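> Spelled out from the first residue to the last, the chains are:
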Amino acid sequence: MSERKLVDAKNTFCPGPLMELIGQMKMAEIGDELEILSTDQGSANDIPEWINKVGHEMVESFEKEGVWHIVVKKTK
Amino acid sequence: MVTSGNREQLQMAAMVASVGAVSGSDVTVFLSMNALKFFVKDSSEKAPAEGEMGALLEDKNAPDFMELFGQAVEYGDAKIFPCSMAVDILGVKQDELKSFVSEPLGLTAFLSDASEGQVWHF
Numbered sequence: 000m001s002e003r004k005l006v007d008a009k010n011t012f013c014p015g016p017l018m019e020l021i022g023q024m025k026m027a028e029i030g031d032e033l034e035i036l037s038t039d040q041g042s043a044n045d046i047p048e049w050i051n052k053v054g055h056e057m058v059e060s061f062e063k064e065g066v067w068h069i070v071v072k073k074t075k
Numbered sequence: 000m001v002t003s004g005n006r007e008q009l010q011m012a013a014m015v016a017s018v019g020a021v022s023g024s025d026v027t028v029f030l031s032m033n034a035l036k037f038f039v040k041d042s043s044e045k046a047p048a049e050g051e052m053g054a055l056l057e058d059k060n061a062p063d064f065m066e067l068f069g070q071a072v073e074y075g076d077a078k079i080f081p082c083s084m085a086v087d088i089l090g091v092k093q094d095e096l097k098s099f100v101s102e103p104l105g106l107t108a109f110l111s112d113a114s115e116g117q118v119w120h121f
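Residue numbers (numbering that gives the first Met the number 0), protein chains in the order written: chain S, 0 to 75; chain H, 0 to 121.
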C-alpha cells in the first residue's frame with residue numbers, strides 16, 4: 000500500500016531540501032509518494048532536475064502562499 | 000580538491016560534492032591545507048567567512064557544509080580522503096577525523112584517480 004509522506008524542508012537553502020528529500024527517499028518503499036515543502040526557489044527548480052536525472056517520477060509541483068510543494072514517486 | 004579554510008569555499012565544495020554524488024557522479028574529495036582542520040572530530044572551530052556571503056550563509060540558515068559532506072558520503076557514496084601530507088603536518092590520526100573521512104591518501108594516488116575526471120579546486 001503506497002502512501003504520501005510530507006517532508007518539511009522550509010527555511011533552509013539549496014541543497015538542504017534536496018538532501019532531506021533524498022534521506023527520506025532512502026527509507027521509503029517503491030511506489031511511495033513524497034511531498035517536499037521548500038521556501039527556497041533554487042530548490043524548487045533544482046529538485047525536479049534531480050528527479051528527472053535520477054529517474055524517479057515527478058507527480059506535481061506547485062506554489063502556495065510562498066511555499067513550493069514538489070511531489071515525487073519513488074520508482075526504484 | 001579542497002584546500003581553503005574559508006566558509007564560502009568549503010560551502011561551495013560541499014554543495015558540488017553532495018549534489019554531484021547524489022546525481023550519479025563518482026565524487027572523490029581530497030582535503031588538504033587549511034581545509035583539513037575542520038574535519039577533526041569534535042572540532043568546534045568555525046570556518047571564518049571571507050566576505051559578506053559567508054556571513055549570510057550562517058544568518059540565513061544555509062545547510063552546514065560539514066553535514067553536506069557527510070550526506071555526500073551517506074547518500075551518494077562519495078569518498079573523502081585527507082591528504083597524507085596534511086595529516087602528518089597537522090599531527091592527526093585517521094580515528095581523530097570525522098567518521099565519514101576515509102584513510103589518508105597521497106597525492107600520487109589522488110592524481111591517478113582524478114586523471115580521467117574533472118578536477119574542481121576550492
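In short, the hints are calculated from the structure, not lab data.
Bear in mind the structure is a predicted one, so any value in this text is a computation, not a measurement.
In this text, a Cβ means the ideal position worked out from N, Cα and C, and glycines have one as well.
A portion of the hints provided could be inaccurate.
Pairs of lysine-lysine, DSSO-like flavour, derived with a Cα cap of 30 Å [said to hold, decoys possible]: (1) Lys-36(H) to Lys-78(H); (2) Lys-73(S) to Lys-4(S); (3) Lys-9(S) to Lys-97(H); (4) Lys-59(H) to Lys-40(H); (5) Lys-72(S) to Lys-78(H); (6) Lys-59(H) to Lys-63(S); (7) Lys-73(S) to Lys-9(S); (8) Lys-36(H) to Lys-92(H); (9) Lys-52(S) to Lys-45(H); (10) Lys-4(S) to Lys-25(S); (11) Lys-59(H) to Lys-25(S); (12) Lys-97(H) to Lys-45(H); (13) Lys-92(H) to Lys-9(S); (14) Lys-73(S) to Lys-78(H); (15) Lys-4(S) to Lys-63(S); (16) Lys-4(S) to Lys-59(H); (17) Lys-97(H) to Lys-40(H); (18) Lys-25(S) to Lys-78(H); (19) Lys-25(S) to Lys-40(H); (20) Lys-59(H) to Lys-97(H); (21) Lys-40(H) to Lys-78(H); (22) Lys-73(S) to Lys-63(S); (23) Lys-4(S) to Lys-75(S); (24) Lys-92(H) to Lys-78(H); (25) Lys-40(H) to Lys-75(S); (26) Lys-75(S) to Lys-59(H); (27) Lys-25(S) to Lys-72(S); (28) Lys-92(H) to Lys-59(H); (29) Lys-52(S) to Lys-9(S); (30) Lys-52(S) to Lys-73(S); (31) Lys-25(S) to Lys-73(S); (32) Lys-36(H) to Lys-97(H); (33) Lys-25(S) to Lys-52(S); (34) Lys-59(H) to Lys-78(H); (35) Lys-59(H) to Lys-52(S); (36) Lys-52(S) to Lys-36(H).
Simulated restraints on C-beta separations [stated by the list, open to error]: (37) Glu-59(S) to Ser-22(H): 13 to 23 Å; (38) Met-32(H) to Phe-61(S): 40 to 50 Å; (39) Asn-5(H) to Gln-40(S): 39 to 49 Å; (40) Gly-50(H) to Leu-5(S): 33 to 43 Å.
> Looking at the structure, which of the earlier hints fail to hold?
9, 13, 25, 26, 28, 36 and 39
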